[in-house]
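Visitor: The sequence shown begins at 6 in the working numbering and counts up one residue at a time.
Read the hints as simulated data drawn from the structure, not as lab findings.
Misleading hints may appear alongside valid ones.
Capping the alpha-carbon separation at 20 Å, the derived lysine to aspartate or glutamate pairs in EDC-like fashion look like this [what the hints assert, rightly or not]:
id : residue 1 : residue 2
1  : K202      : E29
2  : K202      : D151
3  : K202      : D226
4  : K202      : D26
5  : K202      : D71
6  : K202      : E119
Derived Cβ-Cβ restraints for the label pairs, each shown as a range [to be verified]:
id : residue 1 : residue 2 : range
7  : R63       : R103      : 26 to 36 Å
8  : P49       : E119      : 17 to 27 Å
9  : L235      : S122      : 28 to 38 Å
Predicted, not measured: the structure shown is a model, and the values here were computed from it.
By construction, the Cβ of each residue, glycine as well, lies at the ideal position given by its N, Cα and C atoms.
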Amino acid sequence: MQRTNPFYHRGPIHDARFFRDRSEEIAQARQLLSLGQSIAIVGPRRIGKSSLLLHLARLAGRDDRDCYVYFDCEAWAGAAPEALHALLVEALAGAQGRSLAFSADSSHVLPYREFRSAVRAAITPGQRLIFLLDEFESLSANPHLDAGFFSGLRALATAGEVAFVTASARSLGWLTFAEPSALSSPFFNIFTQIRLKPFSDDAAAALVRDLAAEAGAPMADNTVSFVLELAGSHPFFVQMAAYY
């Protein structure tokens, strides 16, 4: 029987069995979120930011207390604020297993007051709602998003029932926004930054060694060393080198 190569990931990791390392960053993020704090995940491309967001959502699903809502911002770099409100509410409904009376797309709009009411109505007593905003820098290219849009998001967080986790390649304060007023919003002051770096050499070696062994094709130490010589300790490049 042909074995499945475990080093096939080229995009976000959806299967928890293949998510490795990052225990320190996960613990820090969960502690901050438990205190109602918002987080900015920052790191170079392909470092695992999306995988980290998805893993946070998986962990939340185990205790079923807080609701984590994953939202990929990349496709909506030109959407109007009211359209983004509708899309966020659709993502929220999906995370809670509900259906909407409308199909949220770029043609459907939801004014801020209705958006805020929908978000608050979705929160059960004692629950915290956490929006995971992946590829957040895509929104910086959106000329329709001004300080008012981001301040509206901050107003949700101020009550303590909503938090945000952004993922971007650059720190939020260094993003260049198409609408210059955007960065004047206090929204960008509520984040604690967690920076993702390449794995340590030991963690990168463990990734290769453990996944290969679990797939029933253990690698010799000299082969593991060769993979790391080729790839360094960046998790994406380790996966690519180990695949071949």
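Visitor: Identify every previously stated hint that the structure contradicts and give their numbers, smallest first.
Guide: Of the numbered hints, 2, 3, 5, 6, 7, 8, 9 do not hold.
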